[in-house]
Each structure stands twice: as structure tokens, then as C-alpha cells.
Amino acid sequence: MIREADDTLTIYERSKPGRRAFVRPELDVPERPLDELLAPELRREEPPRLPEVAEPEIVRHYNRLSKRNFDLDTGFYPLGSCTMKHNPKLHERIAALPGHARMHPLQDPSQAQGALELMWRLQEALGEIAGLPHVSLQPSAGSQGELAGVLLTRAYHEDRGEHRTKVLTPDTAHGTNPATVTMGGYEVVKVVSDAHGNVDLDDLRAKADEDVACLMLTNPSTLGLFETGIEEIERIVHGVGATLYYDGANLNAIMGICRPGDMGFDIVHFNLHKSFTQPHGGGGPGAGPVAVSERIEPFLPRPQVVRRETGEGNGSRDPFYDLDHNRPKSIGRLRGFQGNYGVFVRSYAYIRSLGAPGLREASETAVLNANYLLAKLREHGVAERLPAAYDRLCMHEFVLSGEPMRRELGIKTLDLAKRLLDHGVHPPTVYFPLIVEEALMVEPTETETKETLDRFAEVVAEILREARDDPSVAQNAPHTTPVRRLDEAAAARRPVVRQAM
Amino acid sequence: MADPSYPDDLKYHSEHDWARIDGDSATFGITWYAQDALGEVVFFDPPQVGSQVSKDQAYTEVESVKAVSDVIAPLSGEVTEVNDALGDKPETINEDPYGEGWLVKVKLSDLTEVDSLMDSTEYQATLD
Amino acid sequence: MSRYTSATDDDRREMLAAIGVGSVEELFADIPAGVRLDRPLSGLGEGLSEQEVFEEFRSLGERNVSAEDEVSFLGAGMYDHYVPALIDSIITRSEFLTPYTPYQPEISQGGLQAMFEYQTAISELTGLPVSNASVYEGPSAVAAAGYVAKYSGKGQRFVISRGVHPHSRETLRTHAHAWGMEVVEAPLTGGVTELADLGDDVSAVIVQQPNFLGAVEDLAQLAQAAHDAGALVIAACDPLPLALLKTPGECGVDIVVGEGQSLGNRLDFGGPSFGFFAATEALMRRIPGRIAGETKDVDGKRGFVLTLQTREQHIRREKATSNICTAQALNALAGVIYLSWLGRRGIVELVELMLQRTAYARERLTAVDGVSLLHDRPVVREFALELDAPVQRVIARCRENGINPGYALGRDYPEHENGLLVAITEQRTKADIDRLASVLESAIGAEGRAAGAGAGARA
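Chains as they are written, first to last, in this note's numbering: chain A, 1 to 501; chain B, 1 to 128; chain C, 1 to 459.
The reader is advised that the hints may include incorrect statements.
[Said to hold, decoys possible] Result set (PhoX-like, lysine-lysine): computed pairs, CA atoms no more than 20 Å apart in a straight line:
hint, chain 1, residue 1, chain 2, residue 2
1, B, K89, B, K66
2, B, K89, C, K296
3, C, K296, A, K190
Just so you know, the hints here were simulated from the structure itself, not pulled from any lab data.
Please construct the entire structure, taking both the sequences and the accompanying hints into account.
Right, dumping it as C-alpha cells:
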């Protein structure tokens, strides 16, 4: 009998004593006894039980694993709030150039002028896009950018001798907002949404008091809607002396059209892996720079990339790009070194490729695609079972409620999502925002063609038709994927989080 | 999971907890409705024996795969015993919420509090 | 039509008609006039062709002096190790490069299984049973561990060794301030951490192995002292030396974190890389970040999922164990491929090679006039020297000869004003070390002569 190749074997299960890939470079110095260099009591008794495999098997193992992943380069990925836009191939090529990839982070600034200039130029560009003059690239991800924002807020108030205790977040907020508030040492106070999906201004007025340090807001909101009352929100929040924080998760809707700084926000974080197209890598890396107003600038993380004009630096006539560590009011470091430079290279390349008109066009097309897809779903009759949570023009994404579908067809949003997998489409975000029952959040992005959107609408309509005849097909989906629905409860009850040896 | 049931011999709290009163002690658990809303329970974090619980206040959490729920004390008192068997088999809370799926036993500090709890009929009326 | 979008004029017309509006402009009607930008974004240019962008970024790169351009002994947290070709080949596959976090496990088995394999490797290196799927990077991982201690332990103080990377110490302070926690430094004596009386209000003791000055700490003894005081023990570890050193798990450490760059990731001027985070079973439900777990599907087939998600921000919100969403999945993937490439025997051979060359370099360099050991503790691939000359000027002179001799310690350790930290990866050969010795000798000699000449002129 011929054995089947088992795609679920781990690299450890493919291991066999004596196999190897690594060949050690020559030991070219006089060898000294190990005990002399590292006493036995400092050493481990057994080496780590890493796999023993030759290169061909490693390559084959991971290539086969890769084929068990769905990816953006293969299919439509309308995952709401995640901005799964195309990742230009050029970016990988330039990020891999040795002048960028083999740069040591502690290289003296005089030897890192290209890298520091690139970072400075990216700071300038992001500042212009945000409408805020000062940028720190340091935060490693959106979540760390949020924490930076809360810590900056804290430093700002403390510097004025104020000790505020609360941060407001809307009930539509990403989970990172409240989690960040707690990490930043504040108490979360939730603000409700009104009937149109906007922040409820009366509730905001009632909760905004002198103990409030900040309002964290995503605009467009996680419902994909622009806060029409943004000017009043700004007056209320600043009226009590709090800062206004912009969660940049949805910046892709408004680049070059309007700017957080012009709306009165004091602090903005960017997700370079969303609007500025760093590949998501199956869950990282990303980067979460922050842009701030003048009054917040003194508190930005250390070190800050600065441009020193002629004569200030090394005496040459060119400007000198430097790392400024001398920032006495800084909140300090959020991480090691200067941030995720490899991400900066890609995102700045994106900005250079598109330029001002291209960025605006990207946002316009993102909003056009989202509204078109919503219209197309209506045209197919999908809206009866999957109505938009709020009947308005959307921005770059929209949220549907699967509650009528659940009630009338017996399939949940989760079932619809799983059935989409059988059609080669990555499902939209499900069950978020929390205020929409059976939520389905769709973000097509600007890099998808009209044909792709048309097909998606047809597929959703087809799944609903199918469910009318036989809901069990969706209820038991997916049927064509490498594995089917997995027992997550068992995994959480008795966690197996590493290979048994 | 069994069909909905709300035994007559229990007292109920509006946050979907039950208490089985036995003299000046009681056993607490969550109702069928609560476990059904939560879904498959994957973890129960028992309070310390000897800790105090206060009526209407959370004294522990139960977790499903994608949700965490506070468990509210229907009555006040001191925890005398916790259901350690749930550590290995938290799913018992789904399978037998009024029997093997009990959470804690408590020595009650104020027996008059019992009067504020609902009986089965009253509790079921709140679920409609 | 601009870059990366496809809508033609015809498409746009049809799409607007389907929506029922006359222009793209109308789609933005919800944005109040008062906050609209009435001009194009400035300073961003009009956009460039692919080859123009390539040229611009190539030329920026050429203005950097990278490890390609000089023989570099810089380490201090990131190391110029050889990155094998198979890593590039695998991590640039779109199936690994372009998906999002594996929210839909049925179509993410590749990434989830790789996380599981990664967690296993980290668990093996650290000797602790539970690893997450990675965090941002090293220093913030120290702060993340501090957050776990804050909620698990008691006490209002962190005691952090002065041997912990200065960036980690500063990052912890940044966070601890918001938590209302005090950060106290434990001094280094003879190159290693000295824990004085800890008292009974210490939440966690944080040390580094090997420490920033390269010295191997007696981790078991430090852990014992911390536990005696009722504190949690956090160790920031350099992952490769763990192939030889007694595991932190054996030493009684509760949480091990560290910078993962040296495991198959490039330098990238400091990131992206990954941080690793491993802990005891007791802390499993308190650690931050994604964790992959093994399970079965409805047909009984083996599969992997993200598990223990109730710890995380998207579920527990303000009560979450951390605000982190992502792992550094792609970087961690490079890490597990690298560890598989090295393998069980290879990792020991690699680290022993560095150990031997480092011992040679230490001996060779201290034979140079004006160079002495900053401490004489055992080291693995990095060691600290004291120079009898201004270190910055010595470094500048070495650089003129194509050698970057290492990291000047003075900014972070004023007590070692002319300290130099030298890292010996497997890419630095005996010939490189010999050349460093001779260049260093000339540089110090020249500085000595310059100082002598200066003194003479003044006299």
C-alpha cells in the first residue's frame, strides 16, 4: 500500500536523528575545552529538541504548509477594518536591498543618512496626510500607537499638573481601545451610538467632564460611517480640556480628502500595514506611527528623527539627519531602536509611487467600491436578509446585520462566512462591531476590480438562495477546505500549545 | 445540551444565577439560559475557598471560546467549597447546570437576602 | 487610472449609476465642509513610475553604511548573523506574506501550524511549557512581561538589573509610570547582577541572560533570591546562547522574553523582527498575544486554531491581558525556519563556534596595549572592553579602515565612559578578528600619540 503524504505532520514529526541542513563554518581559532569557557553548572544538559531535517524536507514542509493558507495574492479578502489592499511587489525588492536590510540599528547616524532621511521624509509625509505637524515612527503596531497616544495624553495632563482618570471610547470601538486605556492606567467610560450610527452627542456631553483625559475615536467609525457631528464632538471634548485621539484604522477612506488634524484631533495613529500596504504576513509585522499637534510634541517618544540644517551637523553643506535623544519631557521609549524600518521603506515607497493625487484616488476608489458593492448586494435582494446596519452612504466599508437571515433562513453570519470559504473568498469580518446583531463588516478596498465585486455579490446571493432550500449546507460549511470546522472549545479547555516530544 | 429547565426547588437571580438553599448554606450555579447564551464553556476560574462574595457582585468568571461572562453572586457569604472537577471538565456547566455543574458552596451571611430572589416561575417570566 | 486600482471611466459611470449618485464627490457628502481639505496634499509629489521609485530607494540605501560595506562587530541587541537563503524563499511566498491574522482557521492551517511549531521551538529553547506566537520585539516584550507581573503578583516595584538592555529598561519605565509602579535598578558588580535585600513589595525581578555586557548570569541563584522575596522572575534572553546555557525554565524563571532578530531575521535598521514570550503553565491564561493550539475538525482531522482567545482585547476589552492584536507572524516564521535549518545539533555547533571565536577575540584584543576586560565573567558571543583612549574617536579611526569595532557603552553606562561592546557572530572570522586587533591597536596608538602631542603642545 502506498502511504499518503500527511500534510499535517509537523516539522518535528519529520525529524530523524542524524539529518541536518546546517553546515558549520570552519573553526578557525584554537579550540579550547568547553568547560574552561563555560562551566558545566552554567550549561544545559540536553540541547533543545529542535528538528533534524535536511534542506529539501524543510523547503517542502513549509511550501506545503503555505498551500494550506488562503492569501490576498490569490483571492478577494474583504475583511472589514483590515484594509486588505494589494501589496506591491516592488516594495519587497527595495526593502531587501542590502543598504536597507543589512543596516545595523545602532550604526552611527553619520553612517545612516539614507535610512534617517527616509524616515524623516516619511514623518513629513504622514504629518501632511494627518494634518498634524509632528510624527514619531517608533510604535510597532496600531495597538502600540494607541498606547503611545494614551501615554502622550497622560504626559500632557501631568505636565499641566492635572490628574485625570477616565478615557471615553464609543461602544463601536475596536477592542484595542479599551484594552489600551487600561494599560495606560485609565478607566474606560463607554459612549453610546445614536440611531444613525454616530456618537450620541447627548451621551458624550453627559460623560465629558473634568476627569476625562481623552476621547478615542475612529472616524470613519467601525460602522464605516463618517461622524457627521465631528465638529461638535471636538468642541465638547476640548471644552473640558481633554485630548482628542484619532484611531487611524480607517484612514484609507479619507486620504487627501480631509485630515484628522483639521477635525481638531490632537493625536493620530496610522496603521502602515493597512492604508500604506505593508503585507500583513499572516499576523504581523506592521507599524503604528503617531502624528501629534504642537502641544503634544514635547512628549513624543525618544529618540526622534530630526533634520539639522547646514552647519549644525558634520560641517558639510548638506542637511544632517540625526536621532534626537535629548527630549526631557518625552514619555520615553516604547520599544527598542527606531521602529520597524523595513515597514517604513515599503510604506514610503507606496507614498512616493502614488503621490498626492494617487493617495486621494485610492481613497475615492475605496469608497466607490464599498458603496458599489453595497448597492450590488441590494440589487441582488440580499438586503432583505442582510440589511445594512445603518441606511446611509458608507465610506470605505459597510456593516450588514445577519439577524433577519438567522431568523428567516436559519443560518448565522458565521455560517455565511464559512460557506464563502467554499467559494474561494475570504469572509468579511464577523461579529464586530458589537452593537450590530450578527454583524458582517465588508471592506473591499480600492485595489479590487468591479468584476470581483460583482462576483462577490452574486456569491452571497447564491448562498442565501441555497440556504432557503437547504440551510444545512451553510450550517456545515466549509466543505472544500483542507480542514473543516475545528473544535475550538476542545482546544481552549485542554490547551495543546506545543508539540509533545 | 439538555432542554431548557428551571427546577422548582431553586431560587433565581436576575443575572441568571441560581441558589440551592440548605439551612444557612447555599450552592450557586448558572442557569440553563446563561449557559446556553454563553455557548460551550471552556474555563471556570474558581474563587478561593474562604473568600467573601457579595450579593449582586461578580465573584468569578466563566469563559466560552469567544466570550467571558461575570458570574454574579445571588446571595452574600463566605465560599466554603468550590467545584474543582470543573477544572478538568468545564463542559459540565453546559451538560448539567443544576447538578454536577454547580460552581461554589457558600455559608450565607444574611438569610433575609433570600427573600429578594425569584422562584422558577418568576424567573422564567423574565426570559420572555 | 492610478497605481494599483482598476476602475476605468466606464466602470466608474456604471458603478455610480448603480449607487444612484452622480459623482464620486457625492459619496463624501457626510463629511462637513468645515473639515474638508480644499487643496491637494503638499510635498508628496505627483507619483512616480516603478523604476523611478526603485532608483530613489536604491540611492537612499547606498547612503547607508551597512554590514555589507564594513566588517562590523556591532551587536548590543541585534546581530549580523547569516540568514540562509531558504528563509527568503519561503517567507516571500505570497501564502505566508499576504494573509491577515488567521481568523478563519479552515483556510489558515499553514500559518497556524507554523505558529505551533514556532511555539514548540521557543518552549524548547527556554525550558518553559507555554510560548505565545510572538510579540512586537525584545524591549517591549520586557514591558509586556511586567504587565503580567503587575496583575499576577503583588507589590508596587519592579527591580530590574542594570545588565538588562538599556532600551528594555527605558521601555519598562515608560509603561510602569502609567501603572503607578516604581522601577528600581539592581547594580552590576563585577559584570553581573547583585540583588540586595528585595523587601516584600517587589512585583517582579527582571534580569537579562547573557546580560548587556555579555556576562552569563547565575540565573538560578537570582531566581531563587527573587522567589524568596515573593516576586515573579522575568528573564530577557538572547535566544542563541540558550542552546548551551542552563534553561531559564530549569533555573526557576517564570517568564522568558527576548529579541528574536538573531533567529533568521535581517537587521533592517532595527525592525521588524519579533519578540518571544514564554511562561509557566500557571501563567498560561495571563500571557499576552496570539497562541496557536492543536485540535481536530468535525471529521476528526488534525488541525490548529488560535486558542485561549478570551485573554485578548477583542473579547475581554478593558480587562484584556494586553492590548496587542498581532503577533509578528512572518518574522516568527523566519525564526522557526532558521531553528529547523540549524537543527538540534547545528544550533549547538553554531553557538560553540561563536563561543570559541569570542574567547579568541577576547584574548586577542586584550593583548592590545590600552585595552582591558571590563569584566572577566564567562561570555558567549559578546563581551565588554575598557579602552585607554576616547572610545568614539577610536571607533571613528577604525571605521576609516573598514572596521566597525562595536558599540560605545558611554551613553548608557557613564561609569564605563570608554567601554566598548564587541559582538562576534559566525560571520566574523579569525582573520576579521585579527584585523580588528591590529586596527584597534593603531587607533588607540594614534589617539595616545594625539593626546601626547596635545599635552606636549600645551606644555
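Checked hints:
Between the alpha carbons of K89/B and K66/B the distance comes to roughly 18 Å, so the proposed pair stays at or under 20 Å and holds. For the proposed pair K89/B and K296/C, the alpha carbon gap of about 18 Å is at most 20 Å, so the pair holds. Between K296/C and K190/A, the direct Cα distance comes to roughly 38 Å. Violation of the 20 Å bound is thereby established for this hinted pair.
Comparing the model with each numbered hint stated earlier shows that hint 3 is the single one that does not hold.
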